[in-house]
Amino acid sequence: MMGALRWGMSLVFVSLNAVMMLLIGLVFLPWALISTRGARLACKSYCAWVLWSARWMIGLRHEVRGTPPEGAVLIAAKHQSFLDILIIFYASPAAKFIMKREILWMPVIGLYAHRIGCVPVNRGKRGLAIKKMLDDVKAGVVRAGQLVIYSQGTRVKPGEKRPYKIGTYALYEQMNQPCVPVATNAGLFWPKGTIGRKPGLAVVQFMEPIAPGLGQAAFMERLEREVEGCSDDLMREAGFDG
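Just so we're aligned: the sequence shown equals residues 10 to 251 in the numbering used here.
Calculated directly from the structure, the hints in this document are not laboratory data.
Do not take every clue at face value.
[Unchecked claim] Straight-line distance between alpha carbons at most 16 Å, and here's what the computed EDC-like set of lysine to aspartate or glutamate pairs gives: (1) K170 <-> E72; (2) K140 <-> E182; (3) K170 <-> E217; (4) K201 <-> E169; (5) K166 <-> D241; (6) K170 <-> E230; (7) K166 <-> E230.
In this text, all values refer to a predicted model and were calculated from it rather than measured experimentally.
Whenever a hint applies, use it, and build me the whole structure from the sequences.
Given below as structure tokens:
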């Protein structure tokens with residue numbers, strides 16, 4: 010009975026948030042088309058709605074640990090769920106994401122991703138994707154702010170292991186900015202590939218920045234060790250033993 014009720018509330022939650030995405034997108038559209046500020050406020054408003062409604066509809070709370078960066082940095086984050094995208098964006102003053110190009114063609118999300126300065130890349134061609142990111146940096150297409158990259162290149166289920174891709178180091182070296190590692194356990198509560206949502210405490214943790222200047226091997230080893238170690242700790246804290 011409890012399982013059916015939880016599944017039903019998850020379905021209502023997912024459906025309502027799809028409607029709210031469309032509604033907020035339409036309300037802010039005139040401002041968003043002429044102002045990046047308007048587009049960013051629309052996205053922040055949607056994040057606020059989802060995080061608020063998750064608490065009272067499905068018992069899913071969130072917490073941000075550590076200090077979200079204020080200035081121009083590279084954020085290298087663990088990606089388990091759409092939820093960690095929402096929390097990172099809501100917590101950061103000027104976050105923009107490196108994302109797969111197909112997102113540009115999605116209703117509402119594509120337009121607003123473009124307007125806030127997200128960087129679309131073709132994930133199917135790794136070398137070209139890295140070159141495109143670096144060219145955007147050199148050309149000033151990537152404006153100042155917090156550029157978020159998911160170092161494993163995709164959502165990764167809790168407990169699953171995937172390699173960290175070298176594109177994070179390429180950007181770290183080219184941008185010559187600090188890199189902030191970010192861990193999460195969000196996938197435990199908002200899993201990939203299902204509408205089921207679970208109650209609990211989803212955490213995103215911003216860690217100490219990695220200063221510019223590390224070599225490739227040292228940087229990649231430290232990034233993976235810190236992000237994976239902290240994410241594992243957060244998942245164990247939530248009761249995950251896989």
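Problem - Unsatisfied constraints (hint numbers, rising) - result: 1, 3, 7
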